[in-house]
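**Q** Residue numbers (UniProt numbering), protein chains in the order written: chain C, 1 to 306; chain G, 1 to 478.
Keep in mind that a hint or two might mislead.
Stated by the list, open to error - Stretch by stretch, here's where chain G covers chain C in the computed footprint (C-beta under 8 angstroms, at least three residues):
1) 109-120
2) 148-161
3) 238-250
Hints in this document: simulated from the structure, not taken from any laboratory.
Even glycine gets a Cβ: it sits at the ideal position worked out from N, Cα and C.
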Amino acid sequence: MSQEKLQSHTVQTTGHAWDGDLQEYNNPIPDWWLYAFYISVLAAVAYWFTYPAWPIGNGFTTGFDQITYVNDKGVTKTTHWNTRALLMHETNEAVAAQKPYFDKVAAMPFEQIAKNPELNSFVLSAGKQLFSDNCAACHQQGGGGKMDFAPNLTDDDWLYGGHYANIQQTITDGRHGYMPPFAEVLTDAQMTQLADYVLSLSHNAVNPESAKAGDVLFHSETAACYYCHGVDAKGRQAHGSANLTDSIWLWADVPDAKTIPLKEAAVKNVIRTGLNKGVMPSWKDRLSAEQIKLLTVYVHELGGGK
Amino acid sequence: MNVGIEEPRALYQKRIPIVTRSVKGRFRNFKWGVMVLAYAVFFGLPWLPWTRHGVVSQAVMFDLAERRFFIFDLVMYPQNIFWLALLLFIAAVLLFFATSLIGRAFCGYFCFQTLWTDIFIWIEKLVQGERPARIRLQRQPWNGEKILKLGVTHGLWLLISFWTGMTFVLYYGYAPDLLVRFFTGHAVYAAYVTVFSLTLTTYAAAGLMREQICAYICPYGRFQSVMYDPETLAVAYDAKRGDGSMGRAAPRAELKIHEIRQQKGYGDCIDCGFCVQVCPAGIDIRDGLQYRCISCGLCIDACNTIMDSVGYPRGLIRYDSEANLALPEPAKPHIHWKRIKVVGYFVALSVMTGALIYSIATRTNFEHDVQQIRQPLYVVLSNGDIRNRYQIHLTNKSGADMEYRISTQGLPPGALAMDESQTVKVRSGNSVLVQASIILTPQQVGKYPRFDFVITPISEPDGRVVEQVNFYSRTNEQ
Numbered sequence: 001m002s003q004e005k006l007q008s009h010t011v012q013t014t015g016h017a018w019d020g021d022l023q024e025y026n027n028p029i030p031d032w033w034l035y036a037f038y039i040s041v042l043a044a045v046a047y048w049f050t051y052p053a054w055p056i057g058n059g060f061t062t063g064f065d066q067i068t069y070v071n072d073k074g075v076t077k078t079t080h081w082n083t084r085a086l087l088m089h090e091t092n093e094a095v096a097a098q099k100p101y102f103d104k105v106a107a108m109p110f111e112q113i114a115k116n117p118e119l120n121s122f123v124l125s126a127g128k129q130l131f132s133d134n135c136a137a138c139h140q141q142g143g144g145g146k147m148d149f150a151p152n153l154t155d156d157d158w159l160y161g162g163h164y165a166n167i168q169q170t171i172t173d174g175r176h177g178y179m180p181p182f183a184e185v186l187t188d189a190q191m192t193q194l195a196d197y198v199l200s201l202s203h204n205a206v207n208p209e210s211a212k213a214g215d216v217l218f219h220s221e222t223a224a225c226y227y228c229h230g231v232d233a234k235g236r237q238a239h240g241s242a243n244l245t246d247s248i249w250l251w252a253d254v255p256d257a258k259t260i261p262l263k264e265a266a267v268k269n270v271i272r273t274g275l276n277k278g279v280m281p282s283w284k285d286r287l288s289a290e291q292i293k294l295l296t297v298y299v300h301e302l303g304g305g306k
Numbered sequence: 001m002n003v004g005i006e007e008p009r010a011l012y013q014k015r016i017p018i019v020t021r022s023v024k025g026r027f028r029n030f031k032w033g034v035m036v037l038a039y040a041v042f043f044g045l046p047w048l049p050w051t052r053h054g055v056v057s058q059a060v061m062f063d064l065a066e067r068r069f070f071i072f073d074l075v076m077y078p079q080n081i082f083w084l085a086l087l088l089f090i091a092a093v094l095l096f097f098a099t100s101l102i103g104r105a106f107c108g109y110f111c112f113q114t115l116w117t118d119i120f121i122w123i124e125k126l127v128q129g130e131r132p133a134r135i136r137l138q139r140q141p142w143n144g145e146k147i148l149k150l151g152v153t154h155g156l157w158l159l160i161s162f163w164t165g166m167t168f169v170l171y172y173g174y175a176p177d178l179l180v181r182f183f184t185g186h187a188v189y190a191a192y193v194t195v196f197s198l199t200l201t202t203y204a205a206a207g208l209m210r211e212q213i214c215a216y217i218c219p220y221g222r223f224q225s226v227m228y229d230p231e232t233l234a235v236a237y238d239a240k241r242g243d244g245s246m247g248r249a250a251p252r253a254e255l256k257i258h259e260i261r262q263q264k265g266y267g268d269c270i271d272c273g274f275c276v277q278v279c280p281a282g283i284d285i286r287d288g289l290q291y292r293c294i295s296c297g298l299c300i301d302a303c304n305t306i307m308d309s310v311g312y313p314r315g316l317i318r319y320d321s322e323a324n325l326a327l328p329e330p331a332k333p334h335i336h337w338k339r340i341k342v343v344g345y346f347v348a349l350s351v352m353t354g355a356l357i358y359s360i361a362t363r364t365n366f367e368h369d370v371q372q373i374r375q376p377l378y379v380v381l382s383n384g385d386i387r388n389r390y391q392i393h394l395t396n397k398s399g400a401d402m403e404y405r406i407s408t409q410g411l412p413p414g415a416l417a418m419d420e421s422q423t424v425k426v427r428s429g430n431s432v433l434v435q436a437s438i439i440l441t442p443q444q445v446g447k448y449p450r451f452d453f454v455i456t457p458i459s460e461p462d463g464r465v466v467e468q469v470n471f472y473s474r475t476n477e478q
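Using the sequences plus the hints, can you model the full thing?
**A** Structural data, given as structure tokens:
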């Protein structure tokens with residue numbers, strides 16, 4: 001082919017010609033792109049030396065960058081850079097940033113924390129977080145509790161007492177509520193009478209005759225309810241027996257039962273089977289004393305004081 | 001040959017360096033004035049002390065860590081973000097307004113790209129001399145003199161760029177303290193990154209790229225062009241007067257005399273090229289209005305200087321409108337404001353400025369927020385009463401510590417049971433969360449589905465706010 005058919009007069013080509021006139025344009029990538037590429041290659045090398053990079057046998061090159069952190073056992077550790085250590089390091093920093101507030105909470109008596117608006121604001125926000133992480137699984141977000149499962153912390157009825165010291169002890173050591181089953185001791189009719197008596201205490205319109213019989217049974221040695229629930233049926237906070245005279249129910253869903261027979265059935269069910277499920281774990285091994293104190297103030301503000 | 005192959009065109013035109021000649025005149029003086037003022041404000045403001053209760057004594061400071069901006073006696077919080085939005089609206093409309101009246105005035109006199117380019121060119125002239133000397137220096141081979149002069153120029157540029165970046169950062173902290181920390185290596189990482197990148201961009205934009213920023217990068221310059229009307233005043237060359245019927249001619253021999261020149265049909269332009277040499281955008285204004293023109297007015301100064309020296313009337317290049325120049329007998333140039341667009345911009349500008357001033361003047365000294373706690377929505381107490389709980393967020397924006405009284409209205413007495421005392425003390429610039437409980441008997445519940453919280457700053461009872469909230473219970477849920 002003659003040179004005239006080639007296109008290289010106007011556009012730069014790679015200089016090769018195949019099949020006579022088949023040529024390839026020479027359009028190099030822009031300089032800025034090329035140099036940026038070289039710089040990124042150099043940056044990659046810098047990364048190899050800084051961070052873990054190349055696998056070697058069972059291990060890998062660790063890089064020269066190091067992170068120092070204090071683990072949960074209080075031991076200071078220094079390792080090569082890795083995201084887990086980085087998380088630990090940043091957690092240490094966050095804990096250090098919160099420490100002044102926690103120290104203040106630890107140093108102050110309960111009542112004064114609640115009266116100090118700024119410290120109390122910290123209690124409300126940090127407490128909400130701690131509560132969500134540790135307590136909300138049973139007591140629900142916000143502390144509303146769940147019928148037949150976990151007590152409502154926002155009302156004024158406290159099985160083990162709602163003062164600061166009671167709440168602190170509950171969180172620290174946990175609780176275990178127990179009521180024996182009465183299926184083998186009482187007849188069905190007796191249980192209905194007892195249920196009617198208990199319902200009458202919170203002003204439910206039950207059969208007065210039956211309730212009166214239940215009253216006798218309650219204070220008799222046969223059922224012996226008064227041993228735990230007290231002669232006045234108001235419960236004993238020392239061992240967590242429920243106050244049966246108020247409108248708050250935990251194990252028998254009386255508020256949602258629409259008719260008297262349904263309410264009776266709910267109460268009778270508790271009498272028949274007893275309770276061995278009111279278990280709250282101890283938190284002293286999982287939470288620090290300051291965290292428990294902060295949670296105590298937080299829970300107290302949900303509805304404590306009684 | 002070459003069928004189907006387009007003529008290859010380079011997409012990138014290599015920059016032709018622009019070496020400007022200095023000029024004296026009214027517009028140059030105005031530009032110096034603007035520059036001195038702008039630099040005095042920008043570089044000086046972080047160092048201006050201000051007496052303020054409790055916090056830093058710096059007149060203007062943007063405190064990002066504490067989330068508040070101090071601007072003299074005004075303290076802005078994130079809640080005031082809409083002031084910034086309004087300010088940006090106002091700035092935009094002001095730009096439109098000014099552009100439709102007098103063209104790209106912002107570009108030519110106030111834009112920081114123009115200001116910094118101006119100072120960089122001034123340094124260039126100071127070190128390397130006037131335009132011919134600079135061109136000579138450019139062309140000569142590398143030797144000691146060239147290295148020294150260019151080195152000093154670029155060194156000074158970098159120094160100014162660095163101080164520009166540094167000053168920007170000083171607005172975000174207490175300047176004397178931050179400066180010391182910066183140089184002792186104790187400032188935050190962000191400060192170093194900001195100073196470094198601003199140094200680099202200032203040096204590149206004002207020293208190396210200059211008019212290319214306006215021509216290729218800046219969107220404002222380009223969209224201002226579409227706001228020009230025939231009545232808009234712009235820097236213009238009076239082609240009729242300048243070119244005449246015979247064109248431009250050098251003032252040689254008898255053509256020096258104005259009357260003879262005009263009789264022969266020659267224009268007033270003597271083709272000296274001074275207007276081109278002074279142009280920082282590198283254009284010839286005699287080619288008419290063009291997108292690269294930033295309307296800085298330096299060619300007007302240049303042409304007037306020449307007209308004075310040859311004894312012709314001034315104003316061959318002047319601020320004038322396209323419409324006026326097209327008339328057979330151009331009238332004296334004046335601002336045409338009687339246009340619907342201009343009046344519209346002015347009205348919008350006035351309304352928004354008024355709204356901003358009103359909003360700032362009537363700002364409250366505290367921020368409040370009342371939220372009902374919805375988990376759980378309501379609580380039945382042991383005696384059957386219903387309790388609702390509320391969280392009240394208070395931010396004290398005033399310069400002094402404040403006490404607030406929280407009370408209710410529209411509720412039976414005794415319903416408000418605060419977890420704390422009814423007065424709350426908040427330190428200046430701080431926020432607190434307060435909880436309030438409302439307890440109603442089952443009989444009362446239906447009667448009070450709604451009530452008000454009243455928050456009263458004790459020292460300023462007139463500044464009280466009323467917030468209506470709901471009371472939930474099983475009865476009004478149905």
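**Q** Given that the stretch 148-161 of chain C was listed as covered by chain G, double-check it with a C-beta distance under 8 angstroms for 3 or more residues.
**A** Per the Cβ count (5), the hint holds.
**Q** Cut-off 8 angstroms, C-beta pairs, minimum 3 residues; does the coverage of the stretch 238-250 of chain C by chain G stand?
**A** It holds, with 4 qualifying residues against the three required.
**Q** Holds or violated: the stretch 109-120 of chain C covered by chain G, criterion of 3 or more residues with Cβ-Cβ distance under 8 angstroms?
**A** Satisfied; 5 residues make the cut.
Comparing the model with each numbered hint stated earlier shows that all of them hold.
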